[in-house]
Amino acid sequence: MSRHQEIFKLVEGLIQDNKGSDYEVSLDLDLRKDLEVDSVDLMEYIIYLEEAYQINIPDKDIDAMATVGDMVDYVLKKTSK
1 MSRHQEIFKL VEGLIQDNKG SDYEVSLDLD LRKDLEVDSV DLMEYIIYLE EAYQINIPDK
61 DIDAMATVGD MVDYVLKKTS K
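Position one of the sequence shown corresponds to residue 1 (our numbering), numbered consecutively onward.
A couple of the hints might just be wrong.
Stated by the list, open to error - Straight-line C-alpha distance at most 20 Å; calculated EDC-like pairs for lysine to aspartate or glutamate: (1) K33 to E6; (2) K77 to E12; (3) K78 to E44; (4) K19 to E44; (5) K33 to E44; (6) K60 to E50; (7) K78 to D34; (8) K9 to D73; (9) K33 to E50; (10) K60 to E24; (11) K77 to E6; (12) K19 to D41; (13) K33 to D17; (14) K9 to D59; (15) K77 to E51; (16) K60 to D41; (17) K19 to D30; (18) K78 to D63; (19) K77 to D63; (20) K9 to D70; (21) K9 to E51; (22) K19 to D34; (23) K9 to D41; (24) K9 to D34; (25) K60 to D17; (26) K60 to D73; (27) K19 to E36; (28) K60 to D70; (29) K33 to D22; (30) K78 to E12; (31) K33 to E12; (32) K9 to D22.
As the list claims (entries may be wrong) - Ranges of calculated distance between the beta carbons of each label pair, as one might list FRET restraints: (33) S21 to D59: 26 to 34 Å; (34) K60 to D22: 32 to 40 Å; (35) D73 to M43: 17 to 25 Å; (36) E24 to P58: 15 to 23 Å; (37) S80 to G20: 17 to 25 Å; (38) D73 to E51: 18 to 26 Å; (39) P58 to S21: 27 to 35 Å; (40) K77 to S26: 15 to 23 Å.
Quick caveat, the hints were computed from the structure, so don't treat them as lab data. Don't be surprised by glycine CBs; every beta carbon is placed ideally from N, CA and C.
Make the full structure from the sequences, and use the hints.
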């Protein structure tokens, strides 16, 4: 499993914990429109990712995460440094 797939699986699990285990998650899924994630849910995802990968995600970067793919790519980039 690639690092990208590993991060996706973790994000997928977070979303499915919130939306239900049978919820279909894809990279192009819009966090706010498709998932109807509110700011509290989004912050829970961010905090979990920060703790899981020992990274810091500034607020300005959170606003740029529109899709699941954006979130996965961001974590991949931060953990590749």
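Results of checking the hints against the structure:
1. Straight-line distance between C-alpha atoms of K33 and E6 comes to about 24 Å, which puts the hinted pair past the 20 Å bound.
2. With a CA separation close to 18 Å, the supplied pair K77 and E12 stays within the 20 Å bound.
3. Only pairs whose Cα atoms come within 20 Å are accepted, and K78 paired with E44 is accepted, the gap being roughly 18 Å.
4. Distance check on the hinted pair: K19 and E44 sit about 14 Å apart at the alpha-carbon level, within 20 Å; holds.
5. About 17 Å separates the Cα atoms of K33 and E44, which keeps this hinted pair within 20 Å; it holds.
6. Our distance criterion of 20 Å between C-alpha atoms is met by K60 and E50, whose separation comes to about 15 Å.
7. Only pairs whose Cα atoms come within 20 Å are accepted, and K78 paired with D34 is rejected, the gap being roughly 25 Å.
8. Pair hint K9 plus D73 holds up; C-alpha atoms about 13 Å apart against a cutoff of 20 Å.
9. Only pairs whose Cα atoms come within 20 Å are accepted, and K33 paired with E50 is rejected, the gap being roughly 23 Å.
10. The suggested pairing of K60 with E24 is violated, with an alpha-carbon distance near 28 Å, which exceeds 20 Å.
11. At roughly 13 Å between alpha-carbon atoms, K77 and E6 fall within 20 Å of each other, so this suggested pair holds.
12. Proposed proximity of K19 and D41 is supported: the alpha carbons are some 11 Å apart, at most 20 Å.
13. Under the criterion of a C-alpha separation no larger than 20 Å, the hint pairing K33 with D17 is consistent with the structure, at around 18 Å.
14. In summary, the hint linking K9 to D59 is not supported, as the alpha carbons are separated by about 23 Å, beyond the 20 Å threshold.
15. For the hint pairing K77 with E51, the CA-to-CA distance comes to about 16 Å; that is within 20 Å, so the pair holds.
16. Straight-line distance between C-alpha atoms of K60 and D41 comes to about 17 Å, which keeps the hinted pair within the 20 Å bound.
17. Between K19 and D30, the direct Cα distance comes to roughly 14 Å. Compliance with the 20 Å bound is thereby established for this hinted pair.
18. Taking the CA atoms of K78 and D63, the gap is about 16 Å. The hint holds against a cut of 20 Å.
19. Restraint check for K77 and D63: the C-alpha separation of about 16 Å stays at or below 20 Å, so the hint holds.
20. Straight-line distance between C-alpha atoms of K9 and D70 comes to about 14 Å, which keeps the hinted pair within the 20 Å bound.
21. A threshold of 20 Å between alpha carbons decides the hint, and for K9 with E51 the separation of about 16 Å falls inside it, so the pair holds.
22. Distance restraint check for K19 and D34: the Cα-Cα separation of roughly 11 Å lies within the 20 Å cut-off, and the hinted pair is therefore satisfied.
23. Taking the CA atoms of K9 and D41, the gap is about 18 Å. The hint holds against a cut of 20 Å.
24. Taking the CA atoms of K9 and D34, the gap is near 18 Å; set against the 20 Å cutoff, the hint holds.
25. Annotation: proposed proximity of K60 to D17 is violated, straight-line Cα distance about 26 Å (limit 20 Å).
26. With a CA separation close to 16 Å, the supplied pair K60 and D73 stays within the 20 Å bound.
27. Taking the CA atoms of K19 and E36, the gap is near 10 Å; set against the 20 Å cutoff, the hint holds.
28. Proximity of K60 to D70 is assessed by CA-CA distance (about 14 Å); at most 20 Å being required, the pair is judged to hold.
29. About 19 Å separates the Cα atoms of K33 and D22, which keeps this hinted pair within 20 Å; it holds.
30. For a cut-off of 20 Å, the pair hint linking K78 to E12 stands: about 19 Å separates their Cα positions.
31. Between K33 and E12, the direct Cα distance comes to roughly 16 Å. Compliance with the 20 Å bound is thereby established for this hinted pair.
32. A C-alpha spacing of about 14 Å is found between K9 and D22, which places the hinted pair at or below 20 Å, so the restraint holds.
33. In this structure the supplied range 26 to 34 Å holds for S21 paired with D59, their Cβ-Cβ distance being about 30 Å.
34. Distance hint check: the CB atoms of K60 and D22 are about 34 Å apart, consistent with the given range 32 to 40 Å.
35. Checked against the given bound of 17 to 25 Å, the beta carbons of D73 and M43, roughly 19 Å apart, stay inside it.
36. Checking the proposed 15 to 23 Å range against E24 and P58 shows it is violated: the Cβ atoms sit about 30 Å from each other.
37. At roughly 32 Å, the beta-carbon separation of S80 and G20 lies outside the given 17 to 25 Å, and the hint is violated.
38. Between D73 and E51, the C-beta spacing of about 19 Å keeps the proposed range 18 to 26 Å intact.
39. A hinted range of 27 to 35 Å holds for the C-beta pair P58 and S21, which are about 31 Å apart.
40. Between K77 and S26 the CB atoms are about 20 Å apart, so this pair conforms to the stated range of 15 to 23 Å.
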